[in-house]
Amino acid sequence: MTKNQFMKELDLSLKGLSSNERQDILQDFQEHFAIGVEEGKTEEQIADSLGSPKHIAKELLATYHIEKVETTATTGNIFRALWAVIGLGFFNLVIILGPFVAIVALVVAGWASGAAFIASPLLVLVNVLFNPRTFEFFDLFFSIMLSGIGLFIAVGMFVATKVLTNLFVRYLKYNVSLVKGGLKHD
Amino acid sequence: MDVQFKKGVLKLCVLVLLDKQDRYGYELVQKISNQIEISEGSVYPLLRRLTKEEYFTTYLQESSEGPSRKYYRLTDKGREYLQELLQEWKDFSSGVNQLIKDGVTSD
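Top to bottom, those sequences are chains A and B.
Residue numbers for the first sequence follow our numbering, so the first one is 137 and each next one is one higher.
Residue numbers for the second sequence follow our numbering, so the first one is 459 and each next one is one higher.
Worth double-checking, as some hints may not be accurate.
Listed below are the simulated SDA-like cross-link pairs for lysine to any residue, each with C-alpha atoms no more than 20 angstroms apart in a straight line [as the list claims (entries may be wrong)]:
id : chain 1 : residue 1 : chain 2 : residue 2
1  : A       : K177      : A       : M137
2  : A       : K309      : B       : G466
3  : B       : K464      : B       : D480
4  : B       : K528      : A       : D160
5  : A       : K309      : A       : V240
6  : B       : K465      : B       : S551
7  : A       : K177      : B       : K469
8  : A       : K139      : B       : K510
9  : A       : K309      : B       : L470
10 : B       : K510      : A       : N213
11 : A       : K151      : A       : G223
12 : B       : K510      : A       : T208
13 : B       : K465      : A       : Y310
14 : A       : K204      : B       : K510
15 : A       : K309      : B       : K489
16 : B       : K510      : A       : N302
17 : A       : K298      : A       : G223
18 : B       : K489      : A       : T208
What the hints contain is simulated information worked out from the structure, not anything from laboratory work.
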């Protein structure tokens with residue numbers, strides 16, 4: 137592979153990065169090729185030792201997306217980071233996706249139960265509308281109490297969601313530094 | 459050697475190389491690949507990551523021959539991290555060495 141082929145493939149594989157970031161990365165490799173050629177190596181030899189540009193790009197993309205989640209943790213960003221880390225290797229599908237599904241299930245369940253608790257007085261009201269005879273004050277007070285507990289759950293879930301998101305991002309980072317990456321004998 | 463293992467050690471190698479002096483990317487890659495077999499391209503993502511985590515700062519410097527070079531300098535935070543990794547590495551390697559020694563003598 138010549139320098140031009142290498143740079144072109146790397147550039148293409150870095151789609152999704154900001155053009156600033158991309159320029160910066162390409163510059164690093166330009167420099168690497170330039171110094172290598174000065175030392176009397178051929179472009180092919182240099183490209184060969186560098187390894188696959190696609191693989192290098194994957195590592196860079198994973199880091200980039202995780203960094204974005206850390207600044208703004210939107211759902212879209214989290215999914216892009218998740219996808220980028222999974223892209224580093226087939227094995228990751230299980231290691232990354234497993235905990236992710238578990239965390240999402242936990243968060244959804246927590247919010248659902250909080251919402252149901254908060255809404256419980258409404259259910260009593262609906263019940264009264266349809267069967268006025270079954271109304272008991274106990275139901276009303278009990279549901280108001282549940283509603284209060286629900287509010288606490290919601291506040292707790294708000295904090296828990298933040299903490300879990302942070303933990304998961306750290307887990308993703310840990311994986312980027314650990315997973316099979318661009319070393320030889322992959 | 460195991461790929462995952464090497465990758466963890468790569469970080470330690472880069473930090474150690476920068477402890478005494480600032481170096482540019484190509485130099486770091488050559489120093490490491492002279493000793494350990496790596497695919498050289500993976501050093502650059504690592505350098506970017508560690509720079510973003512504020513273990514390094516970078517600056518450009520003209521060179522007498524060819525284009526200007528990007529140098530990496532270890533920050534105080536980086537130096538602390540290096541000490542941490544070094545301690546881990548020492549504990550780990552002395553543990554493994556002990557096991558090897560015991561294994562050889564007892565059999």
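Practice task
With a cut-off of 20 angstroms on the C-alpha distance, tell me whether K465 (chain B) and Y310 (chain A) pass.
Solution key: holds, 12 angstroms
Exercise for the section: Mind checking the alpha carbons of K510 (chain B) and N213 (chain A) for me, to see if they're no more than 20 angstroms apart? Expected result: holds, 18 angstroms
Practice task
Mind checking the alpha carbons of K298 (chain A) and G223 (chain A) for me, to see if they're no more than 20 angstroms apart?
Solution key: violated, 25 angstroms
Handout entry: Given pair status - S551 (chain B), K465 (chain B), alpha carbons within 20 angstroms
Key = holds, 16 angstroms
Practice task
Decide if the proposed pair is consistent with the structure: K204 (chain A) and K510 (chain B), CA atoms, cutoff 20 angstroms inclusive.
Solution key: Satisfied, since the Cα-Cα distance of roughly 12 angstroms is no more than 20 angstroms.
Exercise for the section: Given the hint that K309 (chain A) pairs with K489 (chain B), test it: the Cα-Cα distance must not exceed 20 angstroms. Expected result: violated, 26 angstroms
Problem - Satisfaction of hint between V240 (chain A) and K309 (chain A), Cα-Cα up to 20 angstroms - result: holds, 18 angstroms
Exercise for the section: Could you grab the alpha-carbon distance between K139 (chain A) and K510 (chain B) and see if it respects the 20 angstroms cut-off? Expected result: violated, 27 angstroms
Handout entry: Distance restraint between K510 (chain B) and N302 (chain A), which requires alpha-carbon spacing of 20 angstroms or less
Key = holds, 18 angstroms
Practice task
Mind checking the alpha carbons of K177 (chain A) and M137 (chain A) for me, to see if they're no more than 20 angstroms apart?
Solution key: holds, 13 angstroms
Problem - Given pair status - L470 (chain B), K309 (chain A), alpha carbons within 20 angstroms - result: Roughly 17 angstroms between the alpha carbons, so the hint for K309 (chain A) and L470 (chain B) holds.
Exercise for the section: Below or equal to 20 angstroms on CA atoms is what counts here, so check K489 (chain B) against T208 (chain A). Expected result: The hint is violated at about 38 angstroms.
In the structure shown, a violation is registered for the earlier hints numbered 3, 7, 8, 15, 17 and 18, in ascending order.
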